[in-house]
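Protein chains in written order, with the working numbering: chain A, 2 to 112; chain B, 50 to 164.
To be clear, the hints were calculated from the coordinates, so they are not data collected in a lab.
Quick reminder that beta carbons are idealized off the backbone N, C-alpha and C, glycines included.
Keep in mind that a hint or two might mislead.
[Stated by the list, open to error] Below, computed lysine-lysine pairings styled on BS3-like, alpha-carbon distance capped at 25 Å:
no.	chain 1	residue 1	chain 2	residue 2
1	B	Lys150	A	Lys2
2	B	Lys106	A	Lys69
3	B	Lys63	B	Lys119
4	A	Lys2	B	Lys120
5	B	Lys58	B	Lys150
[As the list claims (entries may be wrong)] Derived DEER-like restraints, expressed as beta-carbon distance ranges:
no.	chain 1	residue 1	chain 2	residue 2	range
6	B	Arg93	A	Leu12	39 to 47 Å
7	A	Arg73	B	Gln105	26 to 34 Å
8	B	Gly52	A	Gly61	15 to 23 Å
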Amino acid sequence: KQEVTQIPAALSVPEGENLVLNCSFTDSAIYNLQWFRQDPGKGLTSLLLIQSSQREQTSGRLNASLDKSSGRSTLYIAASQPGDSATYLCAAHNYGQNFVFGPGTRLSVLP
Amino acid sequence: DGGITQSPKYLFRKEGQNVTLSCEQNLNHDAMYWYRQDPGQGLRLIYYSQIVNDFQKGDIAEGYSVSREKKESFPLTVTSAQKNPTAFYLCASSIDRDRAKNIQYFGAGTRLSVL
């Protein structure tokens, strides 16, 4: 059964710093992996989806990578801003199964 | 404006009462999902539906029921059998479940509390 973990649980950085969020999964036969952003009390917003045939996806200041062999995905945020403060969740999808979500990393970007 | 609408935003349940959470989507998606989120935890799947008139239990279906009579609608009922219903409930949809580019779109959520 797929299990997803995210480390660290919380992270504080000063504005302007580049940062990396980590996502680990146990079943490497992954179909795709999706990164989401969640603001307090709100629903999830999809940021990036990486298919199993891809190694990375980019959107603006965000870059997500996928390494199936090591069971890891990373979300890189360049030049962080206070508006990036939120909880970031990753979700792994194996074919024929439902998404399995990690617990999230709560990011605070300090002005 | 395409998207997923959940209502109400806040809901209070009395002991022994059943309550229903609404989820409507106008994205023409076949698959719909209900998740429960507790503080500091990831999302846990309650029920999902891949097509009209069909739905399957997720990991924590006990004490919940759903229906899928229309493509656009997937209401969730929290029954009196659910002893710990206080949580944030999220509805999502995707084109279908097993497409390679299976982006999930979420509603704004319903926060359920027990009186």
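Hints versus structure:
no.	hint	result
1	Lys150/B <-> Lys2/A	holds, 22 Å
2	Lys106/B <-> Lys69/A	violated, 28 Å
3	Lys63/B <-> Lys119/B	violated, 29 Å
4	Lys2/A <-> Lys120/B	violated, 30 Å
5	Lys58/B <-> Lys150/B	violated, 30 Å
6	Arg93/B <-> Leu12/A: 39 to 47 Å	violated, 24 Å
7	Arg73/A <-> Gln105/B: 26 to 34 Å	holds, 30 Å
8	Gly52/B <-> Gly61/A: 15 to 23 Å	holds, 21 Å
Checked against the numbered hints above, the structure violates hints 2, 3, 4, 5, 6; every other hint is satisfied.
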